[in-house]
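Chemist: Chain by chain, the residues run as shown.
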Amino acid sequence: MSLDPPDRHGYRHTPRSPFGGRSAARTRTTTRSGEAHLRLYWEVARATARRMTTYRAATAAGVFTNTIFGFVLSYVLLAVVRDRPIDGFDATDAVTFTFVTQGMLMVVGIFGNEEIAERVRTGDIALDLCRPYDYQGWWAAAAYGRASFYAWARGVPPFLAGALVFDLRVPAAAGTWVAFVVAVTLAIGVAFAWGFLLQLAAFWIIDVRGPSQLGWVAAQFLAGTFVPLALFPAGLEGVARALPFAAMNQLPVEVFLGDRTGGGLLAVYAHQLSWLAALVALGRLVLARAVRKVVIQGG
Amino acid sequence: MGDPGTTAGAPGPTTAPGATEPTTAPGTVAHLRIYRRFVRARIRADWQYRASFFLFLAGQTLVAGADLAAIAVIFTAVDDLVGWSGPEVAFLFGASGLSFGLCDLIISPVEHVGVHIKAGSFDTFLVRPVGALWQLLAHDFALRRIGRLLQPAIVLVVSLRLVEVDWGPAAALLVVLTVVCGAVIYGAVFVVTSSLAFWTVETQEIANAFTYGGNVTTSYPIDVLGTWLRRITTFVVPLASITYLPAAWLFDHPLPSGLPRAAAWSGPLVAAAAALVARAVWALAVRHYRSTGS
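Going line by line, the protein sequences match chains A and B.
Numbering-wise, the working numbering puts 226 at position 226 of the first sequence, and it's gapless, one number per residue.
To convert, take the position in the second sequence, counting from 1, and add 1000; that gives the working numbering.
FYI, nobody ran anything at the bench for these hints, they're computed from the structure.
Just so you know, not all the hints are guaranteed correct.
Simulated restraints, written as ranges between beta carbons of each label pair [unchecked claim]:
{"id": "1", "chain 1": "A", "residue 1": "THR53", "chain 2": "B", "residue 2": "ASP1166", "range": "54 to 60 angstroms"}
{"id": "2", "chain 1": "A", "residue 1": "CYS130", "chain 2": "B", "residue 2": "ALA1272", "range": "55 to 61 angstroms"}
{"id": "3", "chain 1": "A", "residue 1": "THR122", "chain 2": "B", "residue 2": "HIS1139", "range": "18 to 24 angstroms"}
{"id": "4", "chain 1": "B", "residue 1": "VAL1127", "chain 2": "A", "residue 2": "ARG121", "range": "27 to 33 angstroms"}
{"id": "5", "chain 1": "B", "residue 1": "LYS1118", "chain 2": "A", "residue 2": "ARG50", "range": "18 to 24 angstroms"}
{"id": "6", "chain 1": "B", "residue 1": "HIS1288", "chain 2": "A", "residue 2": "SER33", "range": "52 to 58 angstroms"}
{"id": "7", "chain 1": "B", "residue 1": "HIS1139", "chain 2": "A", "residue 2": "ASP90", "range": "47 to 53 angstroms"}
Even for Gly, the Cβ is constructed at its ideal location relative to N, Cα and C.
Next up, chain A with everything else stripped away, as it sits in the complex (with noise of 0.2 angstroms):
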């Protein structure tokens, strides 16, 4: 991307892609202000959507991963509930269910990335928190850029796919697909919060991918992604339930089925939204106390 010109308030921005190599955003602020950071972090989740666009044949393979096991998972969930509905989940509900999960999952991001941690076993975290900005609201700005991305490059191609053979349901209701969207955009800050946290880990252990792997697995089960919530037993379904991990997959996924509305609805976001005060709000204080104990090489 090339160097935009200073803007009205006369601020340079360059802002690139913020992963390794390429050097980050060099914001010249004489003064800082809120509006110049919205722009700032804009810009970060304009580039790095960009830059996501470049990878097309792995955007085809992804879409073609998401749709095999689409496929698969939606026939073993209508083995399950075909004849028999389980507590309402029919068969329409558990192929729709499956095939939006699909396409939700990179969306989220919720295999989880160790671009962080990455940092900061290079030491180049050293550099970014010289940078006037806010750490976690800059890869927050990643996070969101890359969804926009991934929702029509990722989301909707695995849903038609199904379609094309399952009979899957659409919300006919426009009200439906804006609280959808909602959902979705919380379940995005989420899953957000929950990697940083686990990506911090690095500044005590250094190799991450074990607790990062652990802490994925968990959350894709426990956010209903191998199996439904609600084919859970109940105390199990109880326990999922309450987790901020049900606000990544199954509570938007609820909502697109047309389950939750009205009261239903006001839940699933206030479930969303405090956990992710909770895990953002976690988030800076375990980053600001890795902060106290980073040693740069040589310094």
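Use these hints to put chain B onto chain A, whose structure you have.
Modeler: Below, chain B alone, put in the same frame as chain A:
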């Protein structure tokens, strides 16, 4: 296993300058010895970071555990899945998971070929007088992947005690064959799908559909699949022969698509054919290799 590994990367001078064909290629035994040495060095290296090792091992175990938990959850909701009991599906999961785990441990490093192609470091493998595939497998060997097979192995053993089978030498042999042939078939799928990287570089995820997707598919009786997908997994990508056909024979379930009962013993044939195909595809792919920057 690792049959395709004997295919030494043998590019002509026109396809990859700098890569020369060894005049006297070492035989399979020599390859195995070198491979073993590489692997031992890798294990020693990993062992230096013990906390990482165990945390990662735990992570890998949990990955397999989540798939089992999914099956467990399903069986709390129903008594049988298209006529298959819980222990029978557990057998499918265990056998499939153990095969996949073996293959994951030994063959799955081939997945990283795309990374080496992108970085140009695949050149290094070609200039050495050892088969490129062997080197690749040894280079990215990681003992922690053993976590992926421990838990399915336990499930397999437990399920064998719970299912009703007329145990005889034939049945026992079939179980062993199932696991070994399954690992070879998965290995072949890994090699073939990873070979795609020589043409497309960044399509690793396609491979995931067949490998990890295959593992999930073979953990369930394939009768659950729709007819079209069932035919594909029986005849095109021979995943059904990994666990499903032998298991159907063991538990006296009818075989799909009107296959004769003898088809349950097709594992070794399918595995051999798959290994040959993988070997040919890999050789073709390596011949196609052009280093970066050209």
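Chemist: Next step is simple, just say for each hint if it's right about the structure.
Modeler: Status of each hint after checking the structure:
Here the CB-CB span from THR53 (chain A) to ASP1166 (chain B) is close to 59 angstroms, well matched to the stated 54 to 60 angstroms. Judged by the Cβ atoms, the range 55 to 61 angstroms given for CYS130 (chain A) and ALA1272 (chain B) holds: they are separated by roughly 60 angstroms. Taking the beta carbon of each, THR122 (chain A) and HIS1139 (chain B) are about 21 angstroms apart, inside 18 to 24 angstroms as hinted. Taking the beta carbon of each, VAL1127 (chain B) and ARG121 (chain A) are about 30 angstroms apart, inside 27 to 33 angstroms as hinted.
Under the hint 18 to 24 angstroms, the C-beta atoms of LYS1118 (chain B) and ARG50 (chain A), about 21 angstroms apart, fit the expected range. For HIS1288 (chain B) and SER33 (chain A), the Cβ-Cβ distance of about 55 angstroms falls inside the hinted range of 52 to 58 angstroms, so the restraint holds. Take HIS1139 (chain B) and ASP90 (chain A): their Cβ atoms lie about 50 angstroms apart, and the range 47 to 53 angstroms holds.
The structure fails none of the hints (numbered hints given earlier).
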